[in-house]
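**Q** Here is how the chains run, residue by residue.
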Amino acid sequence: MKCVRCLNDTAAKFAEAPDKSGAWEMYICSKCNFSWRNTEEEDVITPELREPKFQLTNEDIANLQILVPVPPLRK
Amino acid sequence: MYRDLRDFLAKLEQEGQLVRIKDEILPEPTIREIGRAAVDLPNGPAVIIENIKGHPGKKVALNVHGSWANIGLMIGMDKDTSVKDQFFKFLELWDKYPGEVKFIDKDKAPCHEVVIKDNINLVEMLPMFRINKWDAGMFFSKASVVTRDPDDAGNFDTQNVGTYRMQVMGKDLVGIQALGFHDIARHITHAEEQNKPLPIAVCLGVDPVLTFMASTPINYDQSEYKFAAAINGIPMELTKALTCDLDVPAHAEYVLEGEILPRVRVPEGPFGEFPGSYSGTRLQSQFRVKCITHRKNPIFENLFMGRPWTEIDYLMGLNTCVPLYKQMKETMPEIVAVNAMYQHGLTAIVSTGNRFGGYAKSVAFRMASTPHGISYCKNIILVGPDVDPFNLEQVMWSLSSRVRPAKDVIVVPNTPGMPLDPTSEPAGMGAKFIIDATEPTAPDVVLRDTRLIDNPDSKGFERLIADLQKAASNK
Ligand SMILES: [Zn+2]
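Sequences listed follow chains D and S, in order.
All residue numbers for the first sequence refer to the numbering used here, where the first residue is 1 and numbers rise by one.
All residue numbers for the second sequence refer to the numbering used here, where the first residue is 1001 and numbers rise by one.
Hints listed in this document are in silico derivations from the structure and should not be mistaken for laboratory results.
Simulated coverage check for chain S against chain D, where a stretch passes if three residues somewhere in it have a Cβ under 8 Å from a Cβ of chain D:
(1) 1026-1032
(2) 1043-1057
(3) 1114-1124
(4) 1168-1182
(5) 1188-1195
(6) 1260-1266
(7) 1280-1288
Negatives, chain D to chain S, calculated, CB over 10 Å:
(8) Lys2
(9) Leu7
(10) Glu59
Glycine included, each C-beta is placed from N, C-alpha and C at the ideal position.
Work out the full structure: start from the sequences and follow the hints.
**A** Structural data, given as structure tokens:
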């Protein structure tokens, strides 16, 4: 299914209310790691309503800053 | 004082500093609304949320450290103790380092009452919630995270307990923010140089002093466990983790055991951070949870962090002040007190004597060269020994009456900065802004001859009038 943040077709359900009441489900995107619950505010879980500042394009994802670089392997 | 979170919650409840919300709620947006409300109240109480939709029987604890009343109770003082008195009490407790550590058998430790190794699903097992609206997911914001240096594996003292934000990224996958100056980053680097996974234990709901110490910038080779024991005044009870050689608090509500995946970086964030703004999305480390253990009827403690002040400001207030004070005082005995409570020390106020003209400015440079001050302490204000740095009215008086702008204000550009500070550009660069509001001393030109008004000896009447006022309001 479509990720509400990066809009790729890389999201899937990964959890549901543990009491099996169907109270909520949760989804996660394997590309940008965004996760959400289906009961959250409309403007958090609907791509067109989300603040554009918090969306990610594939170009953004390809150019993310790395804070602690992977060190060289010891010889 | 408090062996575990439950002992402390019982004390808070007895003192009227804990309330329970029993109505059924959805995690979003309600939990963040409750967190914000609790911390905004004067002497805000801890809150236990008992009825979360889809998670019957599970509890969330918020705002456990979220007022000076609660911090005072944590260190055995009255709930109306002033911040300055709490600071001096901490100094006293600090010197009791190292405290005693005791080990409890793995199979007798309460944190191992329930063990889950199969079909792990973090957000089904824990009542997690999106802390701020634009966070990238559900975060752990108040965990005590334990790791060892793989190059120094047998050393208890370099075993690190720190608080790092962690984002759930799957049933058993979690992203963790390790910044370059964090102790855990050193452990990750050593493991990654050998392409080895790094064992990690995430302890949730521990005694309030350990939580406090886990976010305290102490020296790399000092043990957070021994510090917590010293400040708590009772031995720290630990036990061995079940899947690796890490020591974890025996009375933790939950322990998540896992491994940081070597040489992996994944998109993490944004997350609403302590300066009151969202951090960006960056590539960070990730770990896989292999085992969850918890007490019976566990309490999930997490922290709401919003625009300051919120709980994190109380939690990191005095524990930022004390190590800075201790480190500076070693070489500069004129220092009287340090208030670095503002956004983990991004703004700090030091009360100091002037040994000779210009000396206070050297005190600022000393602060800017302490391990914590290098990247954090950006705005440094110096006040005289007669000013209480925790009393902002006094600090403002001293700015008003003692600062000569042309001589006493300095900007040092392009120094290290704190990447989460929104003014740090590029992230990690910064500047130092120093205001010397101490009274100039020779050979500096002294201020025009002024005679300060002496304060009358009012302490006795302060107590008396406070008691009378209390009695009057009870009528
Ligand atoms: Zn995505």
